[in-house]
Amino acid sequence: MLTLSACATGVDSGGGDAGGGGSDCVAEGANAPRAGGDKYIVYMNALNIGNAWQEEAANLGSAVAKMAPYSDCVEVRTELTDDATPQGQISQLQSMVAAGADAVVMYALSPTALNSAIREACSQGVTFVSYDATVTEPCAYNVSYITTVPTGAEEPFMGFNSMTLLAELMGGTGDIFFSRGIVGTSTDNVHYLSAMAALQNYPDMNVLTEYEGMWSSPVTQTETAAALGSFPNVDGLWCGYGESGCVKALEAAGLQVPISGETSQYFRERLLDGWPGVSIGSPPAQGGIGMKVALAVLLEGPDGIPFDIEVPYQIVTAENVTVCVDNEYQEGCNVFEPGTVGDESTADIFNEMLPEATLGASQTGEPEAGAEAVPFTASYLQGFEQDESVRFVTREACPEGWTQATLPQNVEGCSQG
Amino acid sequence: MERRGFVARVLRNGTVRAALVLAVFLIAWSVLQLGGLSVFLINSWLLLSLPLVLAASGVTLVIFTGEFDLSAAGVVAVTNVLMATWLSELGWLGLPLAVLVGAVVGLFNGFLVVVMRLPAIAVTLATFIILGGLALVILPTPGGRIDPGIIDFFTGQLVVPRSIIFLMVIALLWLLYRNTRMGVHAYGVGQDAEALRLSGVAVDRVKFGVFALAGTLYGLAGAVLAAVVQTGDATIGSSYLLATFAAVAIGGAAFTGGSGSVLGTMLGALTLTVIPKVLFVLGISGWVQRVFEGMLIIAAVLVGAVATQSEQRKVQAVKTTPKVEAPTVSVSGGERP
Amino acid sequence: MTLTPTESLATISRERLSVWSSPGVARPITLILLAVVALFAGRLFSAGLPSWTAAEAILTQSLFVAVLAFGQGLIMLIGGLDLSIPGVVALSATIVALSTSVYGVETWLAVLLALIASALVGLLDGYLISRFKIPAFIVTLAMGGILIGLTIGFTFGRQAPSAPPILIELFSGSGKIFGIGIPIVVFLIVGALGYVIQARSRFGRSVHLFGSSPAAARIAGMPVRRIEVSVYVVGALASGVGGIMLLGFSGNARLSLGDAWLMPAIAAVLVGGTIIGSGFGFWQSTLMATVLLTTITVVIGATGLSQGWKDVLYGVIILIALSFMRRDGGALKRVFAGLRKTQERPAVQSAP
Numbered sequence: 008m009l010t011l012s013a014c015a016t017g018v019d020s021g022g023g024d025a026g027g028g029g030s031d032c033v034a035e036g037a038n039a040p041r042a043g044g045d046k047y048i049v050y051m052n053a054l055n056i057g058n059a060w061q062e063e064a065a066n067l068g069s070a071v072a073k074m075a076p077y078s079d080c081v082e083v084r085t086e087l088t089d090d091a092t093p094q095g096q097i098s099q100l101q102s103m104v105a106a107g108a109d110a111v112v113m114y115a116l117s118p119t120a121l122n123s124a125i126r127e128a129c130s131q132g133v134t135f136v137s138y139d140a141t142v143t144e145p146c147a148y149n150v151s152y153i154t155t156v157p158t159g160a161e162e163p164f165m166g167f168n169s170m171t172l173l174a175e176l177m178g179g180t181g182d183i184f185f186s187r188g189i190v191g192t193s194t195d196n197v198h199y200l201s202a203m204a205a206l207q208n209y210p211d212m213n214v215l216t217e218y219e220g221m222w223s224s225p226v227t228q229t230e231t232a233a234a235l236g237s238f239p240n241v242d243g244l245w246c247g248y249g250e251s252g253c254v255k256a257l258e259a260a261g262l263q264v265p266i267s268g269e270t271s272q273y274f275r276e277r278l279l280d281g282w283p284g285v286s287i288g289s290p291p292a293q294g295g296i297g298m299k300v301a302l303a304v305l306l307e308g309p310d311g312i313p314f315d316i317e318v319p320y321q322i323v324t325a326e327n328v329t330v331c332v333d334n335e336y337q338e339g340c341n342v343f344e345p346g347t348v349g350d351e352s353t354a355d356i357f358n359e360m361l362p363e364a365t366l367g368a369s370q371t372g373e374p375e376a377g378a379e380a381v382p383f384t385a386s387y388l389q390g391f392e393q394d395e396s397v398r399f400v401t402r403e404a405c406p407e408g409w410t411q412a413t414l415p416q417n418v419e420g421c422s423q424g
Numbered sequence: 025m026e027r028r029g030f031v032a033r034v035l036r037n038g039t040v041r042a043a044l045v046l047a048v049f050l051i052a053w054s055v056l057q058l059g060g061l062s063v064f065l066i067n068s069w070l071l072l073s074l075p076l077v078l079a080a081s082g083v084t085l086v087i088f089t090g091e092f093d094l095s096a097a098g099v100v101a102v103t104n105v106l107m108a109t110w111l112s113e114l115g116w117l118g119l120p121l122a123v124l125v126g127a128v129v130g131l132f133n134g135f136l137v138v139v140m141r142l143p144a145i146a147v148t149l150a151t152f153i154i155l156g157g158l159a160l161v162i163l164p165t166p167g168g169r170i171d172p173g174i175i176d177f178f179t180g181q182l183v184v185p186r187s188i189i190f191l192m193v194i195a196l197l198w199l200l201y202r203n204t205r206m207g208v209h210a211y212g213v214g215q216d217a218e219a220l221r222l223s224g225v226a227v228d229r230v231k232f233g234v235f236a237l238a239g240t241l242y243g244l245a246g247a248v249l250a251a252v253v254q255t256g257d258a259t260i261g262s263s264y265l266l267a268t269f270a271a272v273a274i275g276g277a278a279f280t281g282g283s284g285s286v287l288g289t290m291l292g293a294l295t296l297t298v299i300p301k302v303l304f305v306l307g308i309s310g311w312v313q314r315v316f317e318g319m320l321i322i323a324a325v326l327v328g329a330v331a332t333q334s335e336q337r338k339v340q341a342v343k344t345t346p347k348v349e350a351p352t353v354s355v356s357g358g359e360r361p
Numbered sequence: 002m003t004l005t006p007t008e009s010l011a012t013i014s015r016e017r018l019s020v021w022s023s024p025g026v027a028r029p030i031t032l033i034l035l036a037v038v039a040l041f042a043g044r045l046f047s048a049g050l051p052s053w054t055a056a057e058a059i060l061t062q063s064l065f066v067a068v069l070a071f072g073q074g075l076i077m078l079i080g081g082l083d084l085s086i087p088g089v090v091a092l093s094a095t096i097v098a099l100s101t102s103v104y105g106v107e108t109w110l111a112v113l114l115a116l117i118a119s120a121l122v123g124l125l126d127g128y129l130i131s132r133f134k135i136p137a138f139i140v141t142l143a144m145g146g147i148l149i150g151l152t153i154g155f156t157f158g159r160q161a162p163s164a165p166p167i168l169i170e171l172f173s174g175s176g177k178i179f180g181i182g183i184p185i186v187v188f189l190i191v192g193a194l195g196y197v198i199q200a201r202s203r204f205g206r207s208v209h210l211f212g213s214s215p216a217a218a219r220i221a222g223m224p225v226r227r228i229e230v231s232v233y234v235v236g237a238l239a240s241g242v243g244g245i246m247l248l249g250f251s252g253n254a255r256l257s258l259g260d261a262w263l264m265p266a267i268a269a270v271l272v273g274g275t276i277i278g279s280g281f282g283f284w285q286s287t288l289m290a291t292v293l294l295t296t297i298t299v300v301i302g303a304t305g306l307s308q309g310w311k312d313v314l315y316g317v318i319i320l321i322a323l324s325f326m327r328r329d330g331g332a333l334k335r336v337f338a339g340l341r342k343t344q345e346r347p348a349v350q351s352a353p
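Quick mapping for you: the protein sequence lines, in order, are chains A, B and C.
Read in order, the letters of the first sequence correspond to residues 8 to 424 in the numbering used here.
Read in order, the letters of the second sequence correspond to residues 25 to 361 in the numbering used here.
Read in order, the letters of the third sequence correspond to residues 2 to 353 in the numbering used here.
Any given hint could turn out to be false.
[As the list claims (entries may be wrong)] What the simulated footprint calls covered on chain C by chain B, stretch by stretch (three residues with Cβ under 8 Å from a Cβ of chain B suffice, anywhere in the stretch; the number is not a length):
#1 39-52
#2 122-134
#3 138-146
#4 272-278
[Unchecked claim] Sample of chain B residues lacking proximity to chain C, with all beta carbon distances greater than 12 Å (derived):
#5 F64
#6 I66
#7 L72
#8 L94
#9 V128
#10 G173
#11 T179
#12 Q181
#13 L197
#14 L265
#15 V272
#16 V305
#17 Q313
#18 A324
[As the list claims (entries may be wrong)] Derived CB-CB ranges, DEER-like:
#19 V139(B) - N240(A): 23 to 33 Å
#20 L197(B) - T158(A): 56 to 66 Å
#21 R227(C) - G224(B): 36 to 46 Å
Just so you know, the hints here were simulated from the structure itself, not pulled from any lab data.
From the three backbone atoms N, C-alpha and C, an ideal C-beta is built for every residue, glycine too.
Construct the complete structure from the given sequences, taking the supplied hints into account.
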C-alpha cells in the first residue's frame, strides 16, 4: 500500500545506499512508480513569465534528473506555466497527481494556499518539494535559502545580512531607498522585516522611501528613477531581485552609491568595475537541489531526509568578486565572463550543494554529455537541515519543546523552553 | 436550408454556444486524462472555478446595463483577507459580513457613477486600486485562518459534490432574477436607457441596484475563494481583473449592454478554467501554452461571432428588423458588400 | 454614459463661445495645475521636492505613459480597449534587441522591423474586431498572451538581449540636448505630433466621428471598416514605439517591460476625460493626465507610507481628479464661469 508512507517521518530502519542501479530502481522502503511503469514520473514546475531566474531553476532541475544514475529510473516532465496564481497552481498540482506523478518539484506561490492540495497529493503517495518559496504543509519538503545563514556570516536571513553589509559599506550612516519585491508575498515580507531589524543596529541610517520593485528590473528601474527625482541625495539602496534596475537608474542619474542587491550578471559585472555593493540572493540551484531531494526520497525512501533544507549561498562584494574563467566552476568564482551571458542572467549558478550545475545546463535544461549526478544521501542532507529556531518562519509551527518568539531579526521564530 | 437555419438559430444563442465550446473542451479533457475523469477531478475543478463564476456573474449584471465594473478583483482581494483575519473568529457570521462588505463597495461604485456622474470604468478602476491597497494593509503576508465550518460548507461532500449544487443555485437565482422587475429593467437600461426613462422607469435606481448586487457577488466570490484556498492572500484577487471579462466575452454577452445571459458567463468561466486542464493533458507547456490559450480564447469567441453574423445577414436580407444591440455593432454589422 | 453625436457636437460648439471654459482647453490646464499643486505638496514629505530633477524624472516617465496612452486613447474613443500593450511592447523591444545584438542588424532596420511587426499585430486585431465584431477587449487580451508566448519562443531562451547603444543614449535619461534630458524633448515632440494626428488631421477627425456614431460616419460616406482597422494599427504602432523607447530606458528586452505601463496608460486616458466609445476626448487632456498621474506616483512615493496605503492614496487621488474631469467641465470651469459672470449657462447638461 502506498498511503501516507511518503509523508511519515520514519525513525526506524537505517535506510540503504543508492538503489541498485540497472533496471531495478526501487529500493527497499521506497514506493513503486504510481503510474505502474518502470520509471518514476517527476514534474519540474516553474513559472513561465519570462523571468531568467525561473527558467534557470527549472532547467537545473530537469538537467539533474536527466543525468546518470537518475536517467535510468526517472522520467522528468518540465511544466512551465504562465498561470502565476495560487488557484492556478492548485489546479496544476491536481493535474500532475492525476497524470501519475511520483514527485512534484514546484515553485509554490503561496505558503498556505496549496496546503490542502499538497495534503491530498501526499495521501496518494506523491512526494512534494517546494523550492525557494516554502509551504507550511508538514508533509511537503522545503528547499529554500530564506532562513539560511549565508557562507561567511553568522546570522540567518538574507534580508538581515544584506542590510547589515550595506550599512557597513556606508559606514553605518546615511539615507537609503528600500526596493521591495512583490508586496504581500511571504518571501518579500521576511526579507523586509529582517532587513528593517538590521537597520535598528544603525541609528544613523534612515529609510527615505520604500517602493514595490515587483522582482522585475524594468519596474525596479522605473520606481528607483522616480524616487531619485524626490531624493537625489540618497546614500545607498537596498534592492530585491531586479537590482539591475537600481544600478541602471543610478547610472542614468550619474550617481554611484552603495547597493545591496541580488545576483544578476549585470550587478556582479558592476562590482567587477569597482561599484561599492554587496550581492547576495536566491540561488537558482535550488531547482536542481529540490529535484535531487525529491529523487532521494523516491529512490531511497524518506528515512532520515529532513523536511526543511537550507540552501547555502555566497556573499559577493567588490572585494571578492571573481570571474569564472571559461564560465566553468572554479573555487571562489562568482561571476561569468563579462559580455558572455545576458545582463539578467543569474551569476550565481554554481552552488556547493549542486556541483553538477553548469552554465549550459542552466540555459538548456540538458546535462553535458556523460555528466553524472552525485546523489544525495540522508546523512549529507542532514548537514543542511534548517535550524529549529527559525522553523516558524517557513512552517508557522515550532518543533515540540519550542515556543514561538520574536527573533533578533524581527521575524517570528521559535525559542526553547 | 431548413436545417441550416435551425443550426444558425441555435448557435445565435450565446449560452448555447458557450455550452458547446465548454463541451468540446470537456470531451477533450475526459478522453486525454489518464484514467479518465474522476469525481474528485471534476469537483476540484468546479470548486476552483466557483469564485471566478461568481465574480464574472456580477460583472455580467453590470455589463447588461451598458456599464463597466473593474472593481471585482479588488473586492475579492479585500473580502478574502477579511475572511482570514477580522472575520475569522466570528464563525458563520463572517460570511454574511464579507458579502456585506462587497455590497457596500457596490453601493459606493453606484454612488460615484449615478450621483456623481463619473464614468463607471474609471471609477471602478480607482476602487480596484484602493481595495487592492486595503487588502495589503489588512494582511501584509499570506496566512490567517479561515473558519473550518465555512471551509467545510463550501468544500465538503453532500451526496453529490457541493460545487455542483452551488453552480445550480447560482443558475437558478439568475433565472429568477431575470424575470424580476429589476432584472428586466437592467436589460432595458443597456438597450435604450432613454426610452426606459421616458416610460417612467427610475434608470438611476436600477443602475444603483445592479452595482450593489454585483458587489454582493464579488464579496461572495472572495469568501468562497478564502474557503477554497483555505488562506488569506492580498495578491490572490488580481487575476480576476481580466479573467472576469474574458468569461463574459466567451459567454456571449455584448459589452455594449442589453444582451447575454449569466448562464453563458458561468459556462465561459468554466471554459477558462478547463483550458489549462486540457493543455496539461495534451502535454503543452512553456511558451506554446500561452499561444494556445490565446488562440483558443479567440476561437471560442469567434464561433459565436461568425454564427451571429451569418444569422444577421440572413435576417437583414429578408427585412430590416430593429436590432437589440448597440449602434456600433448593428450598423457596421450591416455594412456588407 | 454614452454621448450622442448631436449632443457632443452641441457641447463643442457651445463651448467655443468661451475659449477658457471649453473642455479642450480647460481640462488640460486643470490637470497640469493639479500636477503642479501635487508637486509642491510633495514638499511636505521631501526637501528634494519640488525640483528640476524631480520634474525631469516625472516628464521622462510621462513620455512612456503618453506614447502608450496615445494609442490607447484612440482605441477607447471608438469604444475599444487595448490590453495587448504589454505584448506588443515586449515583441517590439525583443525584435530590436535580438536582431541588433545577436544577428548584427543595423539599428534603423531593426526599428523598422519592429514597427512593421507591431503594425501587423494591429492589423490582425483590427481585422478580427471589425470583421467579426468580437469585443476588442477579448481580442487584445488573447493577442497579448499570444505575443508574449511567441516572444519567449523567438528568443530561444536567450534572456533579455541588450538594447543598441543609441537607444540607451536616447531614452535612459543620461543623454542631454542643451542641458535638457532627451526624453523630455521627445515628450514635447510626441505631444505635438499626437495633437496634430488626433485633433488636426483628417484621420483624427474621422476617428472622432466614427467613435461618436458609426452610423453617422457611414452615412457621411466614410470607409468605416478602414477607419476602425487603422485605429488598431495606429494603436499597435504606438505600443511598438513605446516598446522601443522602454527598451532604451531599461537597456534590456525583458518580457515584463510593458506590464507596469498598461494600467497607467488606461488611467491617463480616463482621467483625461475621454469617454469610452463616445468619440469625445482630447489628446491634450490625456497628455496632461500622464504628467499628473506620474507626478502623483512620485509624490506618493516620497511619503514613506507602506505599499498598501500608497495604493489607497493613489486610487483616492484618481477619484478626486476624475471629479474635476466631469462632463460639465468640472471645478475649474465653474471657477472661470463665476469670474466672468457670464450669462451663458455655465455647464452643459450632464449625461443621463
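Verification of the hints:
Counting residues of the region 39-52 of chain C whose CB falls under 8 Å from any CB of chain B gives 0; the rule of at least 3 is not met. For a cut-off of 8 Å, the count of residues in the region 122-134 of chain C with a CB near a CB of chain B stands at 4, and the three-residue condition holds. Given a C-beta distance limit of less than 8 Å, the hint that chain B covers the region 138-146 of chain C holds, as 8 residues qualify and 3 suffice. Look at the region 272-278 of chain C against chain B: 4 of its residues bring a Cβ nearer than 8 Å to a Cβ of that chain, three or more, so the hint holds.
Every beta carbon of chain C lies more than 12 Å from that of F64(B), the smallest distance being close to 29 Å; the non-interface claim holds. For I66(B), the shortest C-beta to C-beta distance to chain C comes to about 26 Å, beyond the 12 Å cut-off, and the non-interface label holds. At the 12 Å boundary, the C-beta of L72(B) stays outside the reach of chain C, the nearest C-beta of that chain being 20 Å off. A beta-carbon of chain C comes within 12 Å of the beta-carbon of L94(B); the shortest separation is about 9 Å.
Every CB of chain C is more than 12 Å from the CB of V128(B) (nearest about 16 Å), matching its label as outside the interface. With 12 Å as the threshold on Cβ separation, the claim that G173(B) sits away from chain C holds: the shortest Cβ distance comes to roughly 29 Å. Every Cβ of chain C is farther than 12 Å from the Cβ of T179(B); the closest lies at roughly 29 Å, confirming the non-interface assignment. Non-interface status of Q181(B) relative to chain C is upheld: no Cβ of that chain comes within 12 Å, the nearest being about 36 Å off.
Remark: the non-interface label on L197(B) is consistent with the geometry, its nearest Cβ contact in chain C lying 26 Å away (cut-off 12 Å). Its closest Cβ contact with chain C, about 9 Å, brings L265(B) to no more than 12 Å, contrary to its assignment away from the interface. The claim that V272(B) lies off the interface is violated: its Cβ sits roughly 9 Å from the closest Cβ of chain C, which falls inside the 12 Å cut-off. Listed as a non-interface residue, V305(B) keeps its Cβ farther than 12 Å from every Cβ of chain C; the least gap is roughly 19 Å.
A beta-carbon of chain C comes within 12 Å of the beta-carbon of Q313(B); the shortest separation is about 7 Å. Non-interface status of A324(B) relative to chain C is broken: a Cβ of that chain comes within 12 Å, the nearest being about 9 Å off. With their beta carbons about 46 Å apart, V139(B) and N240(A) fall outside the hinted range of 23 to 33 Å. As the Cβ distance of L197(B) to T158(A) is approximately 60 Å, the hint placing it in 56 to 66 Å holds.
Between R227(C) and G224(B) the CB atoms are about 43 Å apart, so this pair conforms to the stated range of 36 to 46 Å.
In this structure, the earlier hints numbered 1, 8, 14, 15, 17, 18 and 19 are contradicted, and the remaining ones agree with it.
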